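With chain S held as given, fit chain A onto it using these hints.
Here is what each chain is made of, one letter per residue.
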Amino acid sequence: MRCDIVIAGVGGQGNVLASRILARAAMEYELPVQTSEAIGMAQREGVVMSHVRMGAGNYGSLIPNGGADVLLGFELAETIRGLDKIKNDGVVIANSYTIYPVSVSLGISQYDPVGLVDYLKKNTQSLYLFDATALASQAGTVKATNIVMLGALEALKLLPYGGDHLKEVMLNMIPQKLHEINLKAFELGQQAVGGA
Amino acid sequence: MKKLLMGNEAIAYGAMEAGVQVVTGYPGTPSSEVLMTLAQMAKEKGIYAEWSVNEKVALEVAAGAAYSGARAMVTMKQVGLNVASDPLMTLAYIGVKGGLVLVVADDPGPHSSQNEQDTRFFARFAKLPVLDPSDPREAKEMVKAAFELSEQLGLPVILRPTTRTCHGCQEVEVTEEISRSIIPIGFEKNPKWVIVPNLAAKQHIWLNQQQEVMRKIFEDSSFNTIIPGSGSLGIITGGVSYRYVREALEALGLELPVCKIGTPHPMPTNKVLEFIEPLDQVLVIEEQEPVLEDQIIKLILQQNKFPHVRGKHDRLVPREGELNVNKVVAILSQVLEISTAQTKEAGSLQLPIRPPVLCAGCPHRASFYAFKQAADKEAIFTGDIGCYTLGNMAPLDAVDTCLCMGAGISLGAGLQRAEKQREVIAFIGDSTFFHSGITGLINAVHNNSNITVVVLDNRTTAMTGHQSHPGLNRTATGDSTIALNIVELAKACGVRYIKEVDPYDYVAAVEVAREALKFEGVSVVVMKRECIALIKGNRKSMVIDEEKCIGCGFCVEELGCPAISRRGETPVIEETCNGCNLCGQICPAEAIVERGVVR
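Residue numbers (the numbering used here), protein chains in the order written: chain S, 1 to 196; chain A, 197 to 795.
Do not rely on the hints blindly, as some may be mistaken.
What the hints assert, rightly or not - From the derived model, a few chain A residues whose C-beta atoms are all more than 10 Å from chain S:
#1 320
#2 373
#3 382
#4 404
#5 408
#6 412
#7 486
#8 508
#9 597
#10 707
Said to hold, decoys possible - Below, in silico cross-link-like pairs of lysine to any residue (SDA-like), each with a Cα-Cα straight-line distance of 25 Å or less:
#11 198/A to 164/S
#12 177/S to 731/A
#13 744/A to 107/S
#14 121/S to 157/S
#15 184/S to 732/A
#16 568/A to 611/A
#17 523/A to 89/S
#18 198/A to 162/S
#19 724/A to 655/A
#20 87/S to 534/A
#21 177/S to 772/A
#22 199/A to 160/S
#23 494/A to 420/A
#24 87/S to 536/A
#25 199/A to 163/S
#26 199/A to 172/S
#27 323/A to 291/A
#28 198/A to 17/S
#29 412/A to 290/A
#30 198/A to 172/S
#31 199/A to 164/S
#32 87/S to 530/A
#33 199/A to 175/S
#34 568/A to 108/S
#35 523/A to 2/S
#36 523/A to 81/S
#37 121/S to 545/A
#38 736/A to 181/S
#39 198/A to 173/S
Read the hints as simulated data drawn from the structure, not as lab findings.
Treat the numbers as computed from the prediction; the structure is a model and nothing was measured.
Here a beta-carbon is modelled for each residue, glycine too, at the ideal position from N, C-alpha and C.
Bound-form chain S, shown alone (with noise of 0.2 Å):
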């Protein structure tokens, strides 16, 4: 079976751990597997796009527009400079948290939050959206964003594989002491969207 995934966020948000647990995950499931990650000077506070390619045998690492299966938009405005990625029935995981780019507060370029919202809800089929960057900050910390998004994803049993599986993976790959808090921040992420 093939799931192609798009992730995208800011530099700064555990894209890149994200897209490497599902790849893992797929990995150990069996499952071919290809991810396309930004790193170096995109990184910094600018926007990142990962691409997990599940199943995908012969293919390139890069999803093409109208080609993934799931979007999960880490911040709000780069969800929807995400969205082109998306199959017409892809189903869009969005956090609600705005980062307003130093751009933003020097007032070169503008950022409308009701707008882009309203945005997001006509222009998306299937669309999840709720503040992940706040339940992660319940969790325990801002930075577990990451893994409530990863949570979310997985509670609406989207992933060729199952939940205990990712999870397992997400604990081997994150330092024992963050373990609870990770835990917490994916339970959230799955109640968010009406799972487990």
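Just chain A, lined up with the frame of chain S:
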């Protein structure tokens, strides 16, 4: 055993399994993780790994090891090959004994580079074979093949992965075992190692003859394959483009014949002739330059065969930027005159601009700001390559030039000759200073220049992932070593004004900046404070006292710190604050205070 490996890690594992003994490199995105991975396994596997001071030195160290019969590898990015090109061009004449592989990562896009040069062209220029992997798994196979080939030919071999291969992950089979017994090595004295004109003349003939030997080897290489299909139009492709072609054909429901070339130079001509024989049209799809396309056109003319070659020369395939499946679908649709569904447009929606910026608490922001306060309005700020190139962004606007590694100082000296009345301030990072800044500094001192050089010493090579450099007391493999002192080095270069200051100490930094600018001649200021990304735990965080804040927005407009945002009247300091307190020191209302230890 299967591991999820990034392309760069896969290359490292391939080299280890091939029995590499010496690995050198200079960090550069997208190449850095190759040496980082090898450095981590170096001790256990008996490999010597070093971050060299620059790419030229890295290649020379690796060449020395290969002269002794050891397998050696050197890593860099495409622009790094320019620095290493001096030894490379002659090394092709001299040859090697042990296998020598250059991993040169190309960055079409570009994502993290100052140009998009195509290393396959450099391979042709140097008359060396080049392998072009299409994914991490193939990259690992190719590095092993490259060592074999290098020893077979007695020549360095270039492996040229691109960003999508370097920074993509795939499940890769690894054994973690060295697949050959390491041959005892020793340098044998022989006049063939000394390139005098007479020898160069002879070796050039040999190198030219080797081209045909390489080509014949590549005719049978498993990296070049023909995927049969139907119709009179065939596609020739290579590297990562091959993957896009396969997916685009499937998306369009087409079964055109495809020829994948993993060895673009020298091109396996018989393979290509076999492929084009029944075709009326050949479409060449490759990223960057028409390296395959040019060779195919030449081949067709030589053979007196005339299938129509389409690609970059008729502007069908772009010559700039990366390819992807969508672009390949569009190219195929145009050639075959088929219509495809249009993807929806984002419409009139305005999304915020989000370019990369200096991190919250980055000491460079404080250094740039101090010099902006001290300098004339007309001052020119020359920049260099590193995180600090981002000092060009508003509101700092403190990088007026950026050309190549080390150019900031020399370029500044040139500008100052032309406009004697203007202050020139050259910013350079610590790793870049050692890479090629120091020669510019020596030149400036010797020629009585009047410029101020600011070494942004954040104790690491930050942008590429925190690699070591000669200013640090640890090597790539974690051994302790002598840390070179930049102040002492500048003194030894003949600089007469040198001061070191902590950029977080705003008042002191501005004072030193003023002094340095007043000094007649070359002045050097070392702004010393470790990279914020290296500091873990117990970071301070600042907060805005709403009672005291006058809403002037000075903190936002002057610094451009990503941790300070403005949504209402009062700016807000976000949780991403790292507590450098530059904002607190410049706030006119003294409204920014420490939140306490938060992490």
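For this session: If any of the earlier hints don't hold here, list their numbers in rising order.
Result: none
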